[in-house]
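K.L.:
Residues per chain, in single letters:
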Amino acid sequence: MKIYILRLVLVLIAAATLASAQTPGYTNFIRQLQTSTGVQRDASVAASGVQWSPLPVGSGGSRFELWTVTNQPLASYLLDTKYVGAFIPVAGVTIHSEDPYGPVLRTRADRPFSVHISVSGLLNAITDPAPTKYVNVLRYVQSYGTNGTGVNLDNSHATLLTQASITQDGSQTLSYALTSIPGTNLRKVRGEERFSLFSQAQRQTSVAQIASSHIQIWPVADGVLSGLSQGQLIRLAMPQVTVTLNDLYPSSTTYVQVYHGNPQLGVTGKTVPGSTLVLNESVPQSRVLTLKGYDAVLDSEGLWTMELLTLTPFGIDRLAYVSFNLNRMIKINSNLTTIE
Amino acid sequence: MPKQHRGSKVVRQAFAWPVAVQCAWLAGLAAAAPPVMKDAATHEQLALQLRKCQQEDPMHRLPPSRAEPPPKQAQDLISQSDVLCFGGIATLVPKHAVLLLPKAMANRSEFTAGSTLMGWAEFYAKNRGWITTVEVTNEQAAGTQPLDAEVSLRLKGSICVVVATYQGGPISVLSPKASPSAPTPSDPIQSNPSKH
Numbered sequence: 001m002k003i004y005i006l007r008l009v010l011v012l013i014a015a016a017t018l019a020s021a022q023t024p025g026y027t028n029f030i031r032q033l034q035t036s037t038g039v040q041r042d043a044s045v046a047a048s049g050v051q052w053s054p055l056p057v058g059s060g061g062s063r064f065e066l067w068t069v070t071n072q073p074l075a076s077y078l079l080d081t082k083y084v085g086a087f088i089p090v091a092g093v094t095i096h097s098e099d100p101y102g103p104v105l106r107t108r109a110d111r112p113f114s115v116h117i118s119v120s121g122l123l124n125a126i127t128d129p130a131p132t133k134y135v136n137v138l139r140y141v142q143s144y145g146t147n148g149t150g151v152n153l154d155n156s157h158a159t160l161l162t163q164a165s166i167t168q169d170g171s172q173t174l175s176y177a178l179t180s181i182p183g184t185n186l187r188k189v190r191g192e193e194r195f196s197l198f199s200q201a202q203r204q205t206s207v208a209q210i211a212s213s214h215i216q217i218w219p220v221a222d223g224v225l226s227g228l229s230q231g232q233l234i235r236l237a238m239p240q241v242t243v244t245l246n247d248l249y250p251s252s253t254t255y256v257q258v259y260h261g262n263p264q265l266g267v268t269g270k271t272v273p274g275s276t277l278v279l280n281e282s283v284p285q286s287r288v289l290t291l292k293g294y295d296a297v298l299d300s301e302g303l304w305t306m307e308l309l310t311l312t313p314f315g316i317d318r319l320a321y322v323s324f325n326l327n328r329m330i331k332i333n334s335n336l337t338t339i340e
Numbered sequence: 001m002p003k004q005h006r007g008s009k010v011v012r013q014a015f016a017w018p019v020a021v022q023c024a025w026l027a028g029l030a031a032a033a034p035p036v037m038k039d040a041a042t043h044e045q046l047a048l049q050l051r052k053c054q055q056e057d058p059m060h061r062l063p064p065s066r067a068e069p070p071p072k073q074a075q076d077l078i079s080q081s082d083v084l085c086f087g088g089i090a091t092l093v094p095k096h097a098v099l100l101l102p103k104a105m106a107n108r109s110e111f112t113a114g115s116t117l118m119g120w121a122e123f124y125a126k127n128r129g130w131i132t133t134v135e136v137t138n139e140q141a142a143g144t145q146p147l148d149a150e151v152s153l154r155l156k157g158s159i160c161v162v163v164a165t166y167q168g169g170p171i172s173v174l175s176p177k178a179s180p181s182a183p184t185p186s187d188p189i190q191s192n193p194s195k196h
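Line by line, the protein sequences give chains A and B.
Sequential numbering from 1 applies to the first sequence in the numbering used here.
Sequential numbering from 1 applies to the second sequence in the numbering used here.
Next comes chain B alone, as it looks inside the complex (with noise of 0.2 Å):
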């Protein structure tokens, strides 16, 4: 079972006056009331209680939908995003904004256990030494304009790791639908980590 913080600790002492502090500190949070002391619910009580709870669902009193339930999607922002680490700091930025992960690079593109997150304007903030960055408008990150051929030469020539952005926040940038032949995040000139 993955510990997601390491804050439980064995109490060695004989006195009862650490658990009393604890039942302050904890009751405190959860009411002002004092705890009840109870034995732990059995499956047979909360199965009675889930029948009646189940046909007093509060949900009934609303009109019946009348609607299809929308697709369901998979919601998980690491799936949606590439990483990038380096230094024992990362980020995440939308995936398709990064537009060249240079091959000598392609691990800063995985996240190492232990790496401290945080948002991309403090991570670009020291990283800057091999990140740079590509203003792109709407249109272009939508795929409805090519990027500029500026832009295009920039990424062929660039040794750092290119990410588009949009007034300085990481876009994603959409394979473009009108021109074929205009650059794109997937073209043979750049490296993508978001290419699956």
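If we strip away everything but chain A, and leave its shape as in the complex, we get (with noise of 0.2 Å):
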């Protein structure tokens, strides 16, 4: 029965592992710990590979822990764990956000996302041990600090937000509208969300972890565009603008755009020459922008609107937006005479 189970956990990492693979500059790693003795042994298999381990499960029962590691900067990120043992109910912890990077999942401070939870194999007999009739869930949270990337980050230094208990078999997902990451500015948390399942201690063993998944929280952008001014008369050429953009999401693309008329979410105007960025990046990124040069794009005269915009896998977010006079024309007053 224990090697059935067994197979089975590594069927499902190694499914994990099919999925992490998929994204360069990540290399993952199984672990099997021992919890009885604290022995530990490499289990990997490969991307799409299933095998059975060698090592058998200790009399405390074995955690199965899949990692990925990232090479610049060497940095590891706990992406599933599985525990097998004897009476150790099976469990399974998912995350879920609207973005779709992988292996390490990520959301940002404003966005939601759900937990899904799966819970087998408890028992619910009189006679059974309390211990082996619930196991507890864990929600952690962990600020990265100020401008902080989560690289070499000490978990035993998150805060536990909320627990529970579940006390049958079966799934449930939590949904929450926003991460719960404590900052004196809400837009600009960054770190991440931990929920752990944990049993209970019996006679043989302690109390372990046997599924845990965590999301990264990264903050939401800002920026500015300055060189130019609310309701300027621009009479000439274009001012240089600089853009200043702070946090952008990893995985975006902002550029500032210009259309006619007042300000208005939702127009699409024309791209302003030398304004779009690119990002794909696994934490946020700040630049600074020149812009100049661009008067082509403004082919008439009156008031103009300037966005910057930055789209993410969440939708299109509106940073900073200025409106401006264009009026290049010249008028040239002359009088022709003549001595007659």
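No wet-lab data here; the hints were simulated from the structure.
Just so you know, not all the hints are guaranteed correct.
As the list claims (entries may be wrong) - Under the rule of at most 30 Å between Cα atoms (straight-line distance), these lysine-lysine pairs were calculated in the DSSO-like manner: (1) A:292 to A:270; (2) A:270 to B:38; (3) A:292 to B:38; (4) B:38 to A:188; (5) A:133 to A:188; (6) B:52 to B:95.
Said to hold, decoys possible - A partial selection of chain A residues facing chain B, derived with a Cβ cut-off under 8 Å: (7) 55; (8) 76; (9) 166.
All residues carry an ideal CB built from backbone N, CA and C; glycine is no exception.
Hints are included, so try docking the two chains, each in its own frame, into the full complex.
P.N.:
Laid out in structure tokens, this is it:
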């Protein structure tokens, strides 16, 4: 029976490995930890492989951990864990967000995410020992700090936010409108939320983490257009504009557009040359762009609006805008006379 | 701020179509619906939303926990591993899996920035010239039995890095509990990067 469960575990982990293997820059490792002795064995499988673990499940059970490691910088992220042991419930935690990026899940400080928890193997007879009748689900939050990226994060400093028990087999989904990572400016929190399931201590086993998953939370971007003031009258060449961008979402396209008329959400204008910034990173980025020589996109006189937009998996956010009047017409008043 | 991917670039074209392409790509990833444009959320809006969210915390629907929260543990694979690195490639093995690290190869237990990480099997296949393995039993790994005398002799004479394996996979070898005189990963005959 144990062997069967063990094989199942490795199949699940291998499936997760396959998904994560699609993103370059990450290398996956699987570790088998014997909870009673502390022995660790590298139990890695190929991205699409399935194999039996040759190391027997210890008397206190074994925990299988799926890690992904980046080489630049050298940092590890725990993607999934599975615990196998006698009389230990089987559980899984999966987190979903609107960003399809992997292997490390992520979303933004103002966006929702959901946590899917499944538990099986709980006992419910009167004679069954109490620890076999429930598991605990714990929600931890941890800030990365100002400009932190979570590299080499010490999870022991995470804050336990809430905890509850699950007493029946089945699955459930916990939905959150946004993160609860604390911060003085909720737009700018960056950190991670972790959901872990723990079995209870029994005669032969101590408290064991049977499943865990986490999601990274990145801040909402902000930006400033400087060099143009609201209502400014432009008579000749367009001034140089400096675009200051902070905390751009790791997967985003940011650009400046102009259109005729007053500011209005949802208008598609003309993209200012040199203003498009495409990011495909793993952490937020801050940049400064300089725009000049873009007069050609302003092809008529009148009131114009310049907008700074960022496109992310969550939609398009307007970060800044300014309206100005353009009047490049030169009127020459002349008088032609003759001596006669 | 460290960059893990260097995929950013500034597009210097004057046309609107690159943005449209990006829009389509990202929108396709996110949802079938076209992206909605809105002003970025403010702190006040988020604070209001968070208050509501915390009042409706779905965890409150579950029975309250009856147990003390378990002690928090650091979750970091690097600190639980020894690095083997050479020739621009590297791998991670469990701490205490490296039984012998000759002084001449001490620098091969340090990660060189920019090295490509790979699994043990691939790394070992490319570095058999300076790595050798020793198969240990489950009991030897747990420290309930000492390493074989033959293994101890091999460790004394080896000029290669020696890694303990269990059926081919690197495994940590804990100090023997029963026999203090038996060879251990931290004995003077060996140099082990996992001493600390």
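K.L.:
Does each hint hold? Answer for all of them.
P.N.:
Hints, verified against the model:
A hinted pair counts as satisfied when its Cα atoms are at most 30 Å apart, and residue 292 (chain A) with residue 270 (chain A) qualifies at roughly 15 Å. Distance check on the hinted pair: residue 270 (chain A) and residue 38 (chain B) sit about 18 Å apart at the alpha-carbon level, within 30 Å; holds. For the given pair, residue 292 (chain A) sits about 27 Å from residue 38 (chain B) by alpha-carbon distance, which is consistent with the 30 Å threshold. Proposed proximity of residue 38 (chain B) and residue 188 (chain A) is supported: the alpha carbons are some 18 Å apart, at most 30 Å.
Taken as a hint, the residue 133 (chain A) and residue 188 (chain A) pair is broken in the structure, with Cα atoms around 41 Å apart against an allowance of 30 Å. For the proposed pair residue 52 (chain B) and residue 95 (chain B), the alpha carbon gap of about 46 Å is over 30 Å, so the pair is violated. A cut of 8 Å between beta carbons decides the hint on residue 55 (chain A): the least distance to chain B is about 6 Å, and the hint holds. Satisfaction of the interface hint for residue 76 (chain A) is found here, the shortest Cβ-Cβ separation to chain B being roughly 4 Å, below the 8 Å cut-off.
At about 6 Å, the closest approach between the beta carbon of residue 166 (chain A) and any beta carbon in chain B falls short of 8 Å, and the interface hint on this residue holds.
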